[in-house]
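2 protein chains.
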Amino acid sequence: MGKNILIAHGGGPTAVINCSLQGAVEAARASGKAGRIYAARFGAEGILKGDLIDLTDVPASTIARLRDTPASAIGSCRRKLGEADYPTVLDTLKKFDINCFFYNGGNDSMDTCCKVNELARREGLDLRVIGIPKTMDNDLEVTDHCPGFGSAARYAGLSAAELALDASALPIHVVVLELMGRNAGWVTAAGALAARLTDCETLTYLPEVLVDEDKMLADIEAAYAKGRGLLVTVSEGVRGLDDKPIADTGIVDGFGHTVPGGTAQHISDAIIQRLGLKSRAEKPGLLGRASIPYVSPVDRQEAYAVGEYAVNAALAGESGSMVAIRAERGPEYRSELFLTPLAGVANAEKKFPPEWIVDGNQIADEFFDYALPLMGGGLPQYALLRR
Amino acid sequence: MGKNILIAHGGGPTAVINCSLQGAVEAARASGKAGRIYAARFGAEGILKGDLIDLTDVPASTIARLRDTPASAIGSCRRKLGEADYPTVLDTLKKFDINCFFYNGGNDSMDTCCKVNELARREGLDLRVIGIPKTMDNDLEVTDHCPGFGSAARYAGLSAAELALDASALPIHVVVLELMGRNAGWVTAAGALAARLTDCETLTYLPEVLVDEDKMLADIEAAYAKGRGLLVTVSEGVRGLDDKPIADTGIVDGFGHTVPGGTAQHISDAIIQRLGLKSRAEKPGLLGRASIPYVSPVDRQEAYAVGEYAVNAALAGESGSMVAIRAERGPEYRSELFLTPLAGVANAEKKFPPEWIVDGNQIADEFFDYALPLMGGGLPQYALLRR
Numbered sequence: 018m019g020k021n022i023l024i025a026h027g028g029g030p031t032a033v034i035n036c037s038l039q040g041a042v043e044a045a046r047a048s049g050k051a052g053r054i055y056a057a058r059f060g061a062e063g064i065l066k067g068d069l070i071d072l073t074d075v076p077a078s079t080i081a082r083l084r085d086t087p088a089s090a091i092g093s094c095r096r097k098l099g100e101a102d103y104p105t106v107l108d109t110l111k112k113f114d115i116n117c118f119f120y121n122g123g124n125d126s127m128d129t130c131c132k133v134n135e136l137a138r139r140e141g142l143d144l145r146v147i148g149i150p151k152t153m154d155n156d157l158e159v160t161d162h163c164p165g166f167g168s169a170a171r172y173a174g175l176s177a178a179e180l181a182l183d184a185s186a187l188p189i190h191v192v193v194l195e196l197m198g199r200n201a202g203w204v205t206a207a208g209a210l211a212a213r214l215t216d217c218e219t220l221t222y223l224p225e226v227l228v229d230e231d232k233m234l235a236d237i238e239a240a241y242a243k244g245r246g247l248l249v250t251v252s253e254g255v256r257g258l259d260d261k262p263i264a265d266t267g268i269v270d271g272f273g274h275t276v277p278g279g280t281a282q283h284i285s286d287a288i289i290q291r292l293g294l295k296s297r298a299e300k301p302g303l304l305g306r307a308s309i310p311y312v313s314p315v316d317r318q319e320a321y322a323v324g325e326y327a328v329n330a331a332l333a334g335e336s337g338s339m340v341a342i343r344a345e346r347g348p349e350y351r352s353e354l355f356l357t358p359l360a361g362v363a364n365a366e367k368k369f370p371p372e373w374i375v376d377g378n379q380i381a382d383e384f385f386d387y388a389l390p391l392m393g394g395g396l397p398q399y400a401l402l403r404r
Numbered sequence: 018m019g020k021n022i023l024i025a026h027g028g029g030p031t032a033v034i035n036c037s038l039q040g041a042v043e044a045a046r047a048s049g050k051a052g053r054i055y056a057a058r059f060g061a062e063g064i065l066k067g068d069l070i071d072l073t074d075v076p077a078s079t080i081a082r083l084r085d086t087p088a089s090a091i092g093s094c095r096r097k098l099g100e101a102d103y104p105t106v107l108d109t110l111k112k113f114d115i116n117c118f119f120y121n122g123g124n125d126s127m128d129t130c131c132k133v134n135e136l137a138r139r140e141g142l143d144l145r146v147i148g149i150p151k152t153m154d155n156d157l158e159v160t161d162h163c164p165g166f167g168s169a170a171r172y173a174g175l176s177a178a179e180l181a182l183d184a185s186a187l188p189i190h191v192v193v194l195e196l197m198g199r200n201a202g203w204v205t206a207a208g209a210l211a212a213r214l215t216d217c218e219t220l221t222y223l224p225e226v227l228v229d230e231d232k233m234l235a236d237i238e239a240a241y242a243k244g245r246g247l248l249v250t251v252s253e254g255v256r257g258l259d260d261k262p263i264a265d266t267g268i269v270d271g272f273g274h275t276v277p278g279g280t281a282q283h284i285s286d287a288i289i290q291r292l293g294l295k296s297r298a299e300k301p302g303l304l305g306r307a308s309i310p311y312v313s314p315v316d317r318q319e320a321y322a323v324g325e326y327a328v329n330a331a332l333a334g335e336s337g338s339m340v341a342i343r344a345e346r347g348p349e350y351r352s353e354l355f356l357t358p359l360a361g362v363a364n365a366e367k368k369f370p371p372e373w374i375v376d377g378n379q380i381a382d383e384f385f386d387y388a389l390p391l392m393g394g395g396l397p398q399y400a401l402l403r404r
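Which chain is which? The protein sequence lines are A and B, in order. Counting from 1 along the first sequence, just add 17 to a position and that's the residue number in the working numbering. Counting from 1 along the second sequence, just add 17 to a position and that's the residue number in the working numbering.
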């Protein structure tokens, strides 16, 4: 009898998380070793409720469409499992005779994987647990990068370049662009691609560097005065010298958390009020993780591959690992997959190298040496006739 | 001796305005009748300063790259010419021996074309003036639609659908999306494509219908309660029952104008504060007119064609007209170009048909019968496995 499989998504979706699902399902089908193929409806919530979607007989053509479907086709949630939840998780795994469990997510999800794996060992269950990495934030350790990051970086880089072209073609206002990344600047740094593809002035602010707002405004004034247009790209999580976000909505949500947001608008307002310049703030927000036309082909292929690899590893008897990526950036980019113990990634966070931030508002070439291959080829060559 | 040509861009760029430039330049070169080919640097500003870019010898490969270059490769401006400016305009046209003048823009630009044409007639200049239509707002009269609109609508529709998938995959917050269009709802209406491609609940608010905020919040609460996620799409120019924008930045700019903006953020704040739900606001802003990956292939082809047609018409002796589009929406979409007198489009504004707005927050199929062919083919079929 084949092995029953359960796949769940955790945390915020990416543009390619469904590619990992596609890779997993297609690998399971191709193996000839899979029994039922289940997905948890809305991630951990579905596991806790025993609410699974049976994908076993979903037509291959529908599974193939996962390639170009953003967000999570099976649903995700932000619920972090507590100790009290694990017995219920085990109940569901037992009830559906699950032999292979895959959790596709970030740090928190790997922690969950780790605990489910240990518990299953203790209870003597025939369960293999493999983590499938996913996060646009790119903050997982051990792996060279995370599926989802390349597409978010491509979105950030190309969108910033396109905005920079608009800002320099009609230089009547300073354009401020807010990108996702509350604690880590990986995605926002990719916005500095605008400096490499256009002749617009650019300033880029990541959450890793505390911002002196007076100096920021002086730098904005000087850069705009050069007359080539100005794009200011900021991470949503940019913090001031007091180590607090420079903007939040002033609203406290039902969980007692201050709701962040409006960083670009805050800066734009300051540009208007304190510098007397025109300005506008743009915030594509969740579009940065949901846009299919900006998906990086490399990221899509790797996201598929980690799902496929996870299923093949589990069916071969592996457990307690996450699939990770090793990359070689020679004249040609190449990557290969390997397994790494869940414990090593469960509660670690990969930091953005501070030496890649130059003068507080420029991004070093080293970042692009790292990130460009992940953002995929086919970068545009714009016609700039004004020069 | 060949005819000297001058092309200028007016107003906000679109994702395909450079395609019209490409069409014009390539037609001029192919005709064998063109002398020097000039472009005004930063639109009317360049004409007034006599600051022209000579495109005559720019390599064909650079001109070809205009196809995938957003914003204006020659620069644009928002300066509306006054009576006192026209003698200076004529001076520049004379100084560079311009025989064919093309202004690529919206209502204001067509008004400028009209006046330059009349003045040239009066002065007995050998000048042909043809307007090339451009506006993402789609508010030009006579023409079935405007180049630039199809791509902005495709951006709005697909981005809204992608956000709706995210909002329904992780339905922890109401997502509010702000789209461009201060006075006309053409682009925002396209956001209702999300209702047709996903199973997320959607509400769409255009500037054509005054909004009762209490009713809006009640509708939002009811729609979100259905549990399928909710995307609220709003035009930046949505107005309340008092006929004033429901949000502005509270800032008055150097010209004494109140700076609009933050409509989505305003609604999102109200959702959090008054309904006690989580919410986030997204505002891609200028990206909606600058994004190349979302360009509509139909729009790109038509934008090229109107530039080409304008040059061929002028070289054939036509003057005082704008190129317009006639469209046939049979089983297959077809369009053809024709000339229409500038006077008929110069100061007119095409309104969004109010009967296409249903119950104040839904968009009728008739809009999509009109707009879908312009948004281009290849609409995605998403895999929705949660159903």
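Because the hints were derived from the structure by calculation, they are not lab data. Since the model is a prediction, treat every value here as computed from it, not as a measurement. Hints are not guaranteed to be accurate.
Pairs count within a copy or across copies, as identical chains cannot be separated in the list.
To be verified - List of simulated lysine to aspartate or glutamate pairs, DMTMM-like, C-alpha gap at most 25 Å: (1) 261 <-> 345; (2) 243 <-> 265; (3) 111 <-> 345; (4) 232 <-> 108; (5) 368 <-> 335; (6) 232 <-> 259; (7) 368 <-> 125; (8) 50 <-> 68; (9) 243 <-> 68; (10) 295 <-> 265; (11) 261 <-> 372; (12) 111 <-> 158; (13) 367 <-> 68; (14) 132 <-> 161; (15) 132 <-> 100; (16) 295 <-> 62.
Verification of the hints:
With identical chains, the CA atoms of residue 261 and residue 345 are never at most 25 Å apart, being 38 Å at best within one copy and 57 Å at best between copies. For the homomeric pair residue 243 and residue 265, neither the shortest alpha-carbon distance inside one copy (31 Å) nor that between copies (29 Å) is at most 25 Å. For the homomeric pair residue 111 and residue 345, neither the shortest alpha-carbon distance inside one copy (41 Å) nor that between copies (60 Å) is at most 25 Å. Taking the shortest Cα distances, residue 232 and residue 108 never come within 25 Å of each other, neither inside one copy (57 Å) nor across copies (45 Å).
Taking the shortest Cα distances, residue 368 and residue 335 never come within 25 Å of each other, neither inside one copy (29 Å) nor across copies (63 Å). In this homomeric assembly, residue 232 and residue 259 come within 25 Å of each other (Cα to Cα) only inside a single copy, at 15 Å, whereas the closest approach across copies is 41 Å. Proximity of residue 368 and residue 125 under a CA criterion of 25 Å is satisfied intra-copy only: 16 Å inside one chain copy versus 51 Å between copies. Taking the shortest alpha-carbon separations for residue 50 and residue 68, only the intra-copy value of 24 Å comes in at or below 25 Å, while the best inter-copy value is 72 Å.
In this assembly of identical chains, the alpha carbons of residue 243 and residue 68 lie at most 25 Å apart only when taken from different copies (18 Å versus 59 Å within one copy). Taking CA atoms no more than 25 Å apart as the test, residue 295 paired with residue 265 passes in both settings, with 22 Å inside one copy and 14 Å between copies. Taking the closest pair of Cα atoms, residue 261 and residue 372 come within 25 Å of each other only inside a single copy of the chain (22 Å); across copies the shortest separation is 49 Å, beyond that limit. Proximity of residue 111 and residue 158 under a CA criterion of 25 Å is satisfied in neither setting, with 31 Å inside one chain copy and 66 Å between copies.
In this assembly of identical chains, the alpha carbons of residue 367 and residue 68 never lie at most 25 Å apart, being 33 Å within a copy and 51 Å across copies at closest. Taking the shortest Cα distances, residue 132 and residue 161 sit within 25 Å of each other inside one copy (24 Å), while across copies they are farther apart (62 Å). Taking the shortest alpha-carbon separations for residue 132 and residue 100, only the intra-copy value of 9 Å comes in at or below 25 Å, while the best inter-copy value is 76 Å. Only between protomers do residue 295 and residue 62 lie at most 25 Å apart by alpha-carbon distance; the minimum there is 18 Å, versus 47 Å within a single protomer.
Hints 1, 2, 3, 4, 5, 12, 13 from the list above are not met by this structure, while the remaining hints are.
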